[in-house]
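Number of protein chains: 2
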Amino acid sequence: MSRVLLTGASGFIGRHTLTALAGSGHEVHAVARHPGTAVPGVTWHEADLLAGSEIVAEIEPEILVHLAWYAEHGRFWSSLENLRWVGASLELLREFAASGGRRAVLAGSCAEYEWSSERYSESSPLQPATLYGAAKHGLHVIAATLAEQEGFELAWGRLFLLYGPREAPERFVPSLIVALLRGEPAPMTDGSQVRDFLHSADAGAAFAALADSTVTGAVNVASGNATVLGELARQIAQRIGAEELLRVGAMPSREGEPASLVADVRRLRDEVRWSPSIELDEGLDLVISWWRKRLAAGAGSPDRPPGSPA
Amino acid sequence: MSRVLLTGASGFIGRHTLTALAGSGHEVHAVARHPGTAVPGVTWHEADLLAGSEIVAEIEPEILVHLAWYAEHGRFWSSLENLRWVGASLELLREFAASGGRRAVLAGSCAEYEWSSERYSESSPLQPATLYGAAKHGLHVIAATLAEQEGFELAWGRLFLLYGPREAPERFVPSLIVALLRGEPAPMTDGSQVRDFLHSADAGAAFAALADSTVTGAVNVASGNATVLGELARQIAQRIGAEELLRVGAMPSREGEPASLVADVRRLRDEVRWSPSIELDEGLDLVISWWRKRLAAGAGSPDRPPGSPA
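Those sequence lines, one after another, are chains D and F.
Each residue of the first sequence is one higher than the one before, starting from 1 at the first, in our numbering.
Each residue of the second sequence is one higher than the one before, starting from 311 at the first, in our numbering.
It is possible that part of the hints are untrue.
Unchecked claim - With the Cβ distance kept under 7 Å, some of the chain F side facing chain D (calculated, not the full set):
#, residue
1, Ser388
2, Leu393
3, Ile452
4, Leu555
5, Gly559
6, Met561
As the list claims (entries may be wrong) - Stretch by stretch, here's where chain D covers chain F in the computed footprint (C-beta under 8 Å, at least three residues):
#, stretch
7, 318-330
8, 400-409
These aren't lab readings, by the way, just hints derived from the structure by calculation.
Don't be surprised by glycine CBs; every beta carbon is placed ideally from N, CA and C.
Using the sequences plus the hints, can you model the full thing?
Written out as structure tokens, the structure is:
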């Protein structure tokens, strides 16, 4: 059992990391701008990490799991807020090093890789095409050297694509589900992109497993499964029973989008010894059911995003 | 003529960049914690960049020359202050991007390279061995992507070794000069290290030239001349007339020190069209003479460093 500080603890991934860490018996200190629901073994701390919070110095955690970041859909790729999150993250690490922390686990991204492969291992070339990716990669360069110098362990979990309840409704999976559940046409690109999808609950659990391991360096946090977007869309439409509403090819592809983003997950599986527990078909049913309830309750319109990003 | 904001303007390099920029007719806004001497065409601004200064947003410079950094001798390689300077630099760049700046020139370092070559070009492998080097490299990764996205020019001047008046007296060149001028033994390592030395006035002028050019990306700021430390020490001792006081080999070499740190300066010479104007023998005479006056005036003891680093 360790004293763990978790940032982004009320977010899309963090809420699941929180329950997994608490479930393993850790003394969990959860940081968020707005405290989440009460969980046994968890102490909530209201803090704005961008405003010079000194929460790490206060708590002196043995393990830091830092998931908080700017994640507004459609904006996070190029937002200048990425720069502020680099600064805030370095501030956390500075306090963590100064207070003698033992192990830090941070969230990286597949956006750090040079998008030219089909499948990415942790040693694939790094050449971010976006400010978000550059901010994460630059932070990792600095954090890794800091950890080596100060003698704490650093694990860097590179997230690929995620899906799950509370995802911003403008994103691919929920936008399809919401349109189809409403009986509206669901336009999409030609759907040829190949992606690696992981359920947010699995992603959260993977970070808890990473925190509990002794693995250091970059680790892809993903399913390792290649899913063609068009196939995924058809699967969703079938499950909802609205295949005739799917409009494949009705939208242009985004410029600069990579053809394939699939992870080599051998480190996660063989070294961290963690594998996903939610299969894609099962996960989609869970998300569809979550949105069904949500829509029945009158929420879920684009101007009322059901989950804040983190 | 442009409106230029210069940070670290009272520092070891910055004071020379300041006069060069003002001499070229720019409207120079100089930032420092403690204002320097009055120079025609220069407006001084007292600001602490680590304390959330909003000086860039206030001045809205067309050109930003950012030289300020933590530079305490013997400590800057591994100080946690490096992390705060990354944050402060990103803050400056964020304001610069938001206020529509045209060109940013920042100070990088030879410590960004993987120390395994004899001579380093800007495309040599990057693999910092120190926190200082990692902080600079990480900042460059982020800054370069930001500049491309926001449409401003970014030049990244990688400094090699420097010497000049006001250097901290514990550093190699001044420590030899001070000891020899005092008639004391001057211990040093075996002196086999090969280094690239540039006079601080030249380094300052190079950054002004970089600011006035349209060159982007990494540019080595150095002399391009390979100097063996033992040879340099003998040259200093000869000029002072105290060769018998030099103790070559009396000190162990620092662990992890690279054998050679010499720059390929073709970009600086052929693209920026700038070359040093102070030859090493002439520069050494200037520095020896500066210390002679300084010692005559009773200053220069190690506990009273004559110049603040920047």
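Results for each hint:
1. Ser388: holds, 6 Å
2. Leu393: holds, 4 Å
3. Ile452: Hint holds; F:Ile452 Cβ to chain D Cβ min 4 Å, cut 7 Å.
4. Leu555: Check failed: Cβ of F:Leu555 comes no nearer than 36 Å to chain D, outside 7 Å.
5. Gly559: violated, 29 Å
6. Met561: violated, 23 Å
7. 318-330: Per the Cβ count (0), the hint is violated.
8. 400-409: holds (count 6)
Hints 4, 5, 6, 7 from the list above are not met by this structure, while the remaining hints are.
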